[in-house]
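Please model the entire structure based on the sequences and the hints provided.
There are 2 protein chains.
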Amino acid sequence: MSEIFKEFITQLVIIEEQDLNKIIANFKHQKVKRNAIILSQGEICTHFYFLITGCVRTYYITKEGQEKTRLISFGDNPVTALTSFITQKPSVEFIDALEDSELLSMSQADFFRFTNEVPGWATFYQKMLEFAFTFQNNRIEDLVTLSAKERYEKLLKERPHYIQRLSNRIVATYLDISQETLSRIKSK
Amino acid sequence: MSEIFKEFITQLVIIEEQDLNKIIANFKHQKVKRNAIILSQGEICTHFYFLITGCVRTYYITKEGQEKTRLISFGDNPVTALTSFITQKPSVEFIDALEDSELLSMSQADFFRFTNEVPGWATFYQKMLEFAFTFQNNRIEDLVTLSAKERYEKLLKERPHYIQRLSNRIVATYLDISQETLSRIKSK
Numbered sequence: 001m002s003e004i005f006k007e008f009i010t011q012l013v014i015i016e017e018q019d020l021n022k023i024i025a026n027f028k029h030q031k032v033k034r035n036a037i038i039l040s041q042g043e044i045c046t047h048f049y050f051l052i053t054g055c056v057r058t059y060y061i062t063k064e065g066q067e068k069t070r071l072i073s074f075g076d077n078p079v080t081a082l083t084s085f086i087t088q089k090p091s092v093e094f095i096d097a098l099e100d101s102e103l104l105s106m107s108q109a110d111f112f113r114f115t116n117e118v119p120g121w122a123t124f125y126q127k128m129l130e131f132a133f134t135f136q137n138n139r140i141e142d143l144v145t146l147s148a149k150e151r152y153e154k155l156l157k158e159r160p161h162y163i164q165r166l167s168n169r170i171v172a173t174y175l176d177i178s179q180e181t182l183s184r185i186k187s188k
Numbered sequence: 189m190s191e192i193f194k195e196f197i198t199q200l201v202i203i204e205e206q207d208l209n210k211i212i213a214n215f216k217h218q219k220v221k222r223n224a225i226i227l228s229q230g231e232i233c234t235h236f237y238f239l240i241t242g243c244v245r246t247y248y249i250t251k252e253g254q255e256k257t258r259l260i261s262f263g264d265n266p267v268t269a270l271t272s273f274i275t276q277k278p279s280v281e282f283i284d285a286l287e288d289s290e291l292l293s294m295s296q297a298d299f300f301r302f303t304n305e306v307p308g309w310a311t312f313y314q315k316m317l318e319f320a321f322t323f324q325n326n327r328i329e330d331l332v333t334l335s336a337k338e339r340y341e342k343l344l345k346e347r348p349h350y351i352q353r354l355s356n357r358i359v360a361t362y363l364d365i366s367q368e369t370l371s372r373i374k375s376k
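Listed in order, the protein sequences are those of chains E and B.
Yeah, the first sequence ends on 188 if you go by the numbering used here, and it's all consecutive.
Yeah, the second sequence ends on 376 if you go by the numbering used here, and it's all consecutive.
Careful: at least some of the hints might be erroneous.
[Stated by the list, open to error] List of simulated lysine-lysine pairs, DSS-like, C-alpha gap at most 25 Å:
#1 E:Lys149 <-> B:Lys256
#2 B:Lys277 <-> B:Lys315
#3 B:Lys376 <-> B:Lys345
#4 E:Lys6 <-> E:Lys68
#5 E:Lys68 <-> E:Lys89
#6 B:Lys251 <-> E:Lys186
#7 B:Lys251 <-> E:Lys149
#8 B:Lys376 <-> E:Lys188
#9 B:Lys277 <-> E:Lys157
#10 B:Lys277 <-> B:Lys256
#11 B:Lys337 <-> B:Lys374
#12 E:Lys154 <-> B:Lys251
#13 B:Lys345 <-> B:Lys374
#14 E:Lys6 <-> E:Lys31
#15 B:Lys256 <-> E:Lys68
#16 E:Lys63 <-> B:Lys315
#17 B:Lys221 <-> B:Lys256
#18 B:Lys251 <-> E:Lys68
#19 E:Lys63 <-> B:Lys342
#20 B:Lys221 <-> E:Lys127
#21 E:Lys127 <-> B:Lys315
#22 E:Lys68 <-> B:Lys374
#23 B:Lys376 <-> E:Lys154
#24 B:Lys376 <-> E:Lys63
#25 E:Lys154 <-> E:Lys186
#26 E:Lys68 <-> B:Lys337
#27 B:Lys315 <-> E:Lys89
#28 E:Lys127 <-> E:Lys149
#29 E:Lys89 <-> E:Lys28
#30 E:Lys31 <-> E:Lys63
#31 E:Lys63 <-> B:Lys256
[Said to hold, decoys possible] Okay, the calculated bits of chain E under chain B, using three or more residues with CB under 8 Å as the criterion:
#32 85-93
#33 130-141
[Claimed, not checked] According to the in silico footprint, chain E covers these stretches of chain B (three or more CB under 8 Å from chain E):
#34 273-282
#35 316-323
Quick caveat, the hints were computed from the structure, so don't treat them as lab data.
Note that beta-carbon positions come from the ideal geometry of N, C-alpha and C, so glycine has one too.
Below you can see the structure in the form of C-alpha cells.
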C-alpha cells in the first residue's frame, strides 16, 4: 500500500531509504466510503492526504450555491486542501470521496517537522507546491482563454477517464459549465 | 537598494549573512520606464524579479481580448511569472510596469543553483511558493464567492492604495469587472 506512495516520492526527489521509511511510518492508513466528507468548509485542514486508490476531489460552493471543483484525483496523488494546510486557517474548500477510497494521512505538525529534519522531504514539499501552483494557474488560464467546448475537448483528450468515470454533474462543475451545456457539447 | 530585499528575505527565513551577501551579489539592478513590457506572452520567464520601487503587474489577455490582472505590486515583493519560471515553458502572462520602476533580477539557473547550495534560500523559495499559491487561491475564492461590489469593498478596505494609485481600467481588470460596473459601484 505504502509502496505506491514511496514510488511517488522517489520519482520526484532523492531521499535516503531510512529517512523515507521513518516518514512513511508516520503516515496513517485510512479507508473512506463513497460520498464521505474528508474536510468540510470552515474546518482547518490539519492533515496532508495522499490518495492511494479511489477518487477524491476538492471543491467550493459559491454564494449562489454552485459547486466549483478545483481538483479531482483517481489515486497516486496528494489531495490536501493546501491553503488551509499552509495557513492553518478555516478551509473554504471541501474534500470529499466520489468513490470508496484509501488514503494515507499525516498531521501538519509531523509534516513540517520532517521538512525541517529531512532535506529530501523539504524538496518533496517544494515539488508539491510547484505542482499545485502551476496546476492551479493552468486551470485559470483554461477558464479564461478557452471556450466551454474547447475545455471539454481538452479534458477528453488529456484525461478521458474523467469523462468515463465521473457523473455529468461532477464533470460540469470541473469545467465550470452548466450540466445542460455539457450535455449539448457531448451530443455533438 | 538591495537592503530592502535583504530585509524582505531575513524577515521570512534564517540565512547566514555571507550566504545572503553572495546571493544578493548575483542579482542585477534594473530600471524600467512606465508601460515597459518586462515579459511578453509566449516568452519564457528566465528570471526571478523582485520589485524595489514603482508598480508592476502580471496579467493575461483572454481570447476575447480582455485583460485579466493576476497580481499587482507596489514594491518590496517578487513579481515573477512563476508558472513559466518553474516550467521554463512559454508564459501565458505578461509582466508590465504601470509606473517607472526599479527591480532586482536573477537568472533561473542561478536561482535554482542557490536553492541547492543554501538551505535558507530553499526555504525562501518554499515561502514564495506558499505565498503565491495561497494568494492565488484567495483571489479565486473571492471571484467565486463575492459579488463585484463586495470585491471592490474588500479591496478598498484592505488595499486602498490600489484604488488611489491605479487607473479605473487597471482596477477593473484586477476585480474582473467592466469599467462601467466599477464606475457605478464607486459612484454609490
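Structure-based check of all given hints:
no., hint, in the structure
1, E:Lys149 <-> B:Lys256, "holds, 21 Å"
2, B:Lys277 <-> B:Lys315, "holds, 23 Å"
3, B:Lys376 <-> B:Lys345, "holds, 16 Å"
4, E:Lys6 <-> E:Lys68, "violated, 31 Å"
5, E:Lys68 <-> E:Lys89, "holds, 20 Å"
6, B:Lys251 <-> E:Lys186, "holds, 23 Å"
7, B:Lys251 <-> E:Lys149, "holds, 14 Å"
8, B:Lys376 <-> E:Lys188, "violated, 46 Å"
9, B:Lys277 <-> E:Lys157, "holds, 20 Å"
10, B:Lys277 <-> B:Lys256, "holds, 20 Å"
11, B:Lys337 <-> B:Lys374, "holds, 9 Å"
12, E:Lys154 <-> B:Lys251, "holds, 16 Å"
13, B:Lys345 <-> B:Lys374, "holds, 13 Å"
14, E:Lys6 <-> E:Lys31, "holds, 19 Å"
15, B:Lys256 <-> E:Lys68, "holds, 20 Å"
16, E:Lys63 <-> B:Lys315, "violated, 31 Å"
17, B:Lys221 <-> B:Lys256, "holds, 22 Å"
18, B:Lys251 <-> E:Lys68, "holds, 22 Å"
19, E:Lys63 <-> B:Lys342, "holds, 16 Å"
20, B:Lys221 <-> E:Lys127, "violated, 35 Å"
21, E:Lys127 <-> B:Lys315, "holds, 13 Å"
22, E:Lys68 <-> B:Lys374, "violated, 29 Å"
23, B:Lys376 <-> E:Lys154, "violated, 43 Å"
24, B:Lys376 <-> E:Lys63, "holds, 23 Å"
25, E:Lys154 <-> E:Lys186, "holds, 13 Å"
26, E:Lys68 <-> B:Lys337, "holds, 21 Å"
27, B:Lys315 <-> E:Lys89, "holds, 17 Å"
28, E:Lys127 <-> E:Lys149, "violated, 32 Å"
29, E:Lys89 <-> E:Lys28, "holds, 23 Å"
30, E:Lys31 <-> E:Lys63, "violated, 31 Å"
31, E:Lys63 <-> B:Lys256, "holds, 22 Å"
32, 85-93, "holds (count 3)"
33, 130-141, "holds (count 9)"
34, 273-282, "holds (count 3)"
35, 316-323, "holds (count 5)"
Checked against the numbered hints given earlier, this structure breaks hints 4, 8, 16, 20, 22, 23, 28, 30; the rest are met.
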